[in-house]
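Residue numbers (my numbering), protein chains in the order written: chain A, 1 to 294; chain B, 1 to 294; chain C, 1 to 294; chain D, 1 to 294.
Since the hints were derived computationally from the structure, they do not count as laboratory data.
Predicted model only: the values in this text are computed from it and were never measured.
Copies of the same chain look alike in the list, so a pair counts if it works inside one copy or between any two.
In silico DSSO-like cross-links for lysine-lysine, where the CA-CA straight-line distance does not exceed 30 Å: (1) Lys232 / Lys28; (2) Lys156 / Lys289; (3) Lys156 / Lys169; (4) Lys272 / Lys169; (5) Lys215 / Lys290; (6) Lys289 / Lys232; (7) Lys272 / Lys215.
Number of protein chains: 4
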Amino acid sequence: MATCNANPVSLSCNITNVATPSSPLYSKTYRDASVIHLPYNISISENTLAVIAGPCSIESEEQIMATAEFVKKSGAAILRGGAFKPRTSPYSFQGMGIAGLQLLRKAGDYYRMPIITEVLDSEDITIVADYADILQVGARNCQNFSLLRKLGKIRKPVLLKRGMMVTIKEFLMAAEYILAEGNENVILCERGIRTFETETRNTLDISAVPVLKQKTHLPVIVDPSHAAGNWKLIHPLALAALAAGADGLMIECHIKPESALCDGEQSLRPDKFALLMNDIHKMNTLLNKKLECI
Amino acid sequence: MATCNANPVSLSCNITNVATPSSPLYSKTYRDASVIHLPYNISISENTLAVIAGPCSIESEEQIMATAEFVKKSGAAILRGGAFKPRTSPYSFQGMGIAGLQLLRKAGDYYRMPIITEVLDSEDITIVADYADILQVGARNCQNFSLLRKLGKIRKPVLLKRGMMVTIKEFLMAAEYILAEGNENVILCERGIRTFETETRNTLDISAVPVLKQKTHLPVIVDPSHAAGNWKLIHPLALAALAAGADGLMIECHIKPESALCDGEQSLRPDKFALLMNDIHKMNTLLNKKLECI
Amino acid sequence: MATCNANPVSLSCNITNVATPSSPLYSKTYRDASVIHLPYNISISENTLAVIAGPCSIESEEQIMATAEFVKKSGAAILRGGAFKPRTSPYSFQGMGIAGLQLLRKAGDYYRMPIITEVLDSEDITIVADYADILQVGARNCQNFSLLRKLGKIRKPVLLKRGMMVTIKEFLMAAEYILAEGNENVILCERGIRTFETETRNTLDISAVPVLKQKTHLPVIVDPSHAAGNWKLIHPLALAALAAGADGLMIECHIKPESALCDGEQSLRPDKFALLMNDIHKMNTLLNKKLECI
Amino acid sequence: MATCNANPVSLSCNITNVATPSSPLYSKTYRDASVIHLPYNISISENTLAVIAGPCSIESEEQIMATAEFVKKSGAAILRGGAFKPRTSPYSFQGMGIAGLQLLRKAGDYYRMPIITEVLDSEDITIVADYADILQVGARNCQNFSLLRKLGKIRKPVLLKRGMMVTIKEFLMAAEYILAEGNENVILCERGIRTFETETRNTLDISAVPVLKQKTHLPVIVDPSHAAGNWKLIHPLALAALAAGADGLMIECHIKPESALCDGEQSLRPDKFALLMNDIHKMNTLLNKKLECI
Chain A
1 MATCNANPVS
11 LSCNITNVAT
21 PSSPLYSKTY
31 RDASVIHLPY
41 NISISENTLA
51 VIAGPCSIES
61 EEQIMATAEF
71 VKKSGAAILR
81 GGAFKPRTSP
91 YSFQGMGIAG
101 LQLLRKAGDY
111 YRMPIITEVL
121 DSEDITIVAD
131 YADILQVGAR
141 NCQNFSLLRK
151 LGKIRKPVLL
161 KRGMMVTIKE
171 FLMAAEYILA
181 EGNENVILCE
191 RGIRTFETET
201 RNTLDISAVP
211 VLKQKTHLPV
221 IVDPSHAAGN
231 WKLIHPLALA
241 ALAAGADGLM
251 IECHIKPESA
261 LCDGEQSLRP
271 DKFALLMNDI
281 HKMNTLLNKK
291 LECI
Chain B
1 MATCNANPVS
11 LSCNITNVAT
21 PSSPLYSKTY
31 RDASVIHLPY
41 NISISENTLA
51 VIAGPCSIES
61 EEQIMATAEF
71 VKKSGAAILR
81 GGAFKPRTSP
91 YSFQGMGIAG
101 LQLLRKAGDY
111 YRMPIITEVL
121 DSEDITIVAD
131 YADILQVGAR
141 NCQNFSLLRK
151 LGKIRKPVLL
161 KRGMMVTIKE
171 FLMAAEYILA
181 EGNENVILCE
191 RGIRTFETET
201 RNTLDISAVP
211 VLKQKTHLPV
221 IVDPSHAAGN
231 WKLIHPLALA
241 ALAAGADGLM
251 IECHIKPESA
261 LCDGEQSLRP
271 DKFALLMNDI
281 HKMNTLLNKK
291 LECI
Chain C
1 MATCNANPVS
11 LSCNITNVAT
21 PSSPLYSKTY
31 RDASVIHLPY
41 NISISENTLA
51 VIAGPCSIES
61 EEQIMATAEF
71 VKKSGAAILR
81 GGAFKPRTSP
91 YSFQGMGIAG
101 LQLLRKAGDY
111 YRMPIITEVL
121 DSEDITIVAD
131 YADILQVGAR
141 NCQNFSLLRK
151 LGKIRKPVLL
161 KRGMMVTIKE
171 FLMAAEYILA
181 EGNENVILCE
191 RGIRTFETET
201 RNTLDISAVP
211 VLKQKTHLPV
221 IVDPSHAAGN
231 WKLIHPLALA
241 ALAAGADGLM
251 IECHIKPESA
261 LCDGEQSLRP
271 DKFALLMNDI
281 HKMNTLLNKK
291 LECI
Chain D
1 MATCNANPVS
11 LSCNITNVAT
21 PSSPLYSKTY
31 RDASVIHLPY
41 NISISENTLA
51 VIAGPCSIES
61 EEQIMATAEF
71 VKKSGAAILR
81 GGAFKPRTSP
91 YSFQGMGIAG
101 LQLLRKAGDY
111 YRMPIITEVL
121 DSEDITIVAD
131 YADILQVGAR
141 NCQNFSLLRK
151 LGKIRKPVLL
161 KRGMMVTIKE
171 FLMAAEYILA
181 EGNENVILCE
191 RGIRTFETET
201 RNTLDISAVP
211 VLKQKTHLPV
221 IVDPSHAAGN
231 WKLIHPLALA
241 ALAAGADGLM
251 IECHIKPESA
261 LCDGEQSLRP
271 DKFALLMNDI
281 HKMNTLLNKK
291 LECI
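So here's chain A without its partners, still in its complex pose (with noise of 0.2 Å):
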């Protein structure tokens, strides 16, 4: 792909050509659908479903191994856990660092799930790319083209989450910019945008996921949890993302909510993640997609 560094008159920037070239590498005309590749046989596509399950933030090897044993035991397949936190403020719980993700890939590594974790500076995409099997992108940074370009230049998969107040089209630009640098291995992430109403705390933009599936080969996957905010909503959230056609979900879960250093109350507990994962093999079967667990 030309770039555009120094030469305003360079053909390929020209005023002219300053939307998207006529097929992004994003669409469906350069290729039908894509199937991530994960470690322990796991992928992400739109011939299976893959549950991503694990704590806000990693606090302890104790809480880290005890929330991959019970999501493992009720069908997640991959583990999240953020190690590094994007905090509204400076002075909020900023996350274990390195030492999180040390532990987040030893409950991997012990109980064979692949894991996800957010990295929030281009200066740390080598630290996180070490340790995980797929890097995160929140949904501040959505728009960080910065970072999504040097996330360009690994080949380990990204999640990228929509921002909250990223359009379908600027979302699926930003996933342009890490295609056209090279890697392949983008996952989207709906987790709600901001709206008006106060009673969840962002708004699901359920319709995204079909919009998204039409318009793209890249898997589309729903955080139901932090578009709630509310552990009461994730259920049947849950379930509808499924229903509208998303081909994974990414669900915060918590030994002890009460006790969580961050989200704890849009987190489940072992029980209703249990429950949940109960009604979603259902679905399942009746969507005619493959589980994805070993």
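Could you slot chains B, C and D onto chain A? The hints should help.
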């Protein structure tokens, strides 16, 4: 209920009392679940699933009879059709008026389906109630409190659509205007809210379904047609609504969408509607609901 | 202008004609600028600046007379006061009704000020028009097309407030409903739109002022009180509205905001209102407008 | 409640302290008003009015020198120009990079104006700080906490643009990330939020100006160009911003907008900019502010 027509010092209007009473009529503390009984033994409730289908506007006898035939055949329980249409422009087709009501009634009688149609003005309530089994309040009239109050004085069921920028709390208080006047037969309908996203006509607030179901005993249905504004999204959104807990659906259908006088682009053809009803049947089995039809 | 009452096959309602005509009555192509003439030689136009002031609700004779006195003394031209109040909850104070209209008329006559008050229902148009010099349509009725149409059949000026969810294009089409029925005396009022921001009750869309002034000959005024929902913001927002090109302001005032039956927190006290009028005078000199007062 | 025992073990992360501390560094309780001192004796503060002007992107030496000449002549104090551009599409012109920084510095030196330009990535802070007098954080990076933290470790002024989706509270907490690291030179910039309205590119939240001025000692400026996305609206919005209490303006200008590589439609020509500055002079007299220029 005490009213506050002209006396600012009456106790019930006192400013210290300005919020809702501790136990509004819509709340679960007042009743666990409501059942709306309709002709032909159809009901709308949490144990049943009722599909309302029909054209945006009634255009001719041929059109409404043909539509009623195919939606009934595929399993719809209730027939919809607009006779008085609220249109953004005064120069757009405004509906057939009373002639439309008569045609809708004829179709409902012939195919043995309860009928629903919109009432735009408090002056029209009597005439619309003479024909319709359910009176619909459109999104733009969701906070037309004068209309709501007068609908509270009749006994026919009222389907209240959520306004495009009405919060869930305000939506429930709008329903309270009807309930407070004595009409207990209120059905709530989520039909999309206005957001920055332009890929869809509105953003279906799927979370509103479980939030409403947790707060009120009133039945909650979903209109994916107006939310999406695009027939290609109706099928996945309809299934998502059921998975999220909706008690019914309202779907726009047309025998020939490309020649519809209104909203053709969001109307399903007979074959697509049949496919959708087929998947609704399957989903319903999973959800342990009884699909209403005769 | 052809109407489309009940006949879908009339030419003017044909689907090919569904958008606006090429030259709607609100547009600059139809007229350059409108002047709304009111009693006491007050006018609302692009060459004048009219300040409308008064309480949210008329509460008593003492309150409305005292308010009229101080707003007149500080330079307001038109007296406002609500007699029929649209409230989110049916249990909130709903206004004094006809008794309120009579008190407002008395205050207007005594202090020689035109009066404006809201009409909530098409059935009330006649009675409200008997008392008021300007009929106000509230934000929640901005797209109550039936009400608008009937206000098009009277000849008294109508102040149309923009709905919280109404785009500028839709706002102009709502005005067109009134104009199309023959009433040319329409005043547009920007009063804030609904967004995700919660520091203010609504978000004053200041850009709507120049956008509207470029698109229509109708006068445009601004209501900073309802936009902000906080009296501390009214002074800067009022000045901003004038700088942006507004033809007038509507300001909520109260002799004793802490005991107001409605919206006390967004009402200015007499001393604050006097300070604001003082700055409005200065700003007006800069803008070469004539401040309306008698 | 547990502390942040595994994070960089600072006391300030204690979870009981998870909201803002009782007295955040941005607040009025900490300081009454901040003055940002810049080269050439220019300052940004509540007693002065500083106009920042220049092109969206630096395109060539000829362009930036000609622009600096005309904005200086009309009374602008600070020169802006983008060298690293955050663009929705990876295929759009991304800026001239370091060559652009050098040209901007040359123009600033020649015309004796402080310069401001955007930094996109924490890795570029050093190089941008070598050239620029003010480092700008764009709207899409408003909550790029890693970037903010690193900008807190330098001492050059930082202009933080409000994100399209960022509440006023979150905006202040984003500024707190910079302040908390020791950099006291933060300027806040309102540039429009995302709403449903499509007549303007964004919705200028004019109320944010007085709200911010009441909550913080940091200077607040307004960028009407990005808010409106249309040069015809810049003049009224710029005046409105001053009337609302803004301490400065950032205006996009171009010698030939129709051939601009970026955002031409929202850039003012030299003659329009001169007219605007003329009105700003008049408004400033009214507001008792000192217009910064040399």
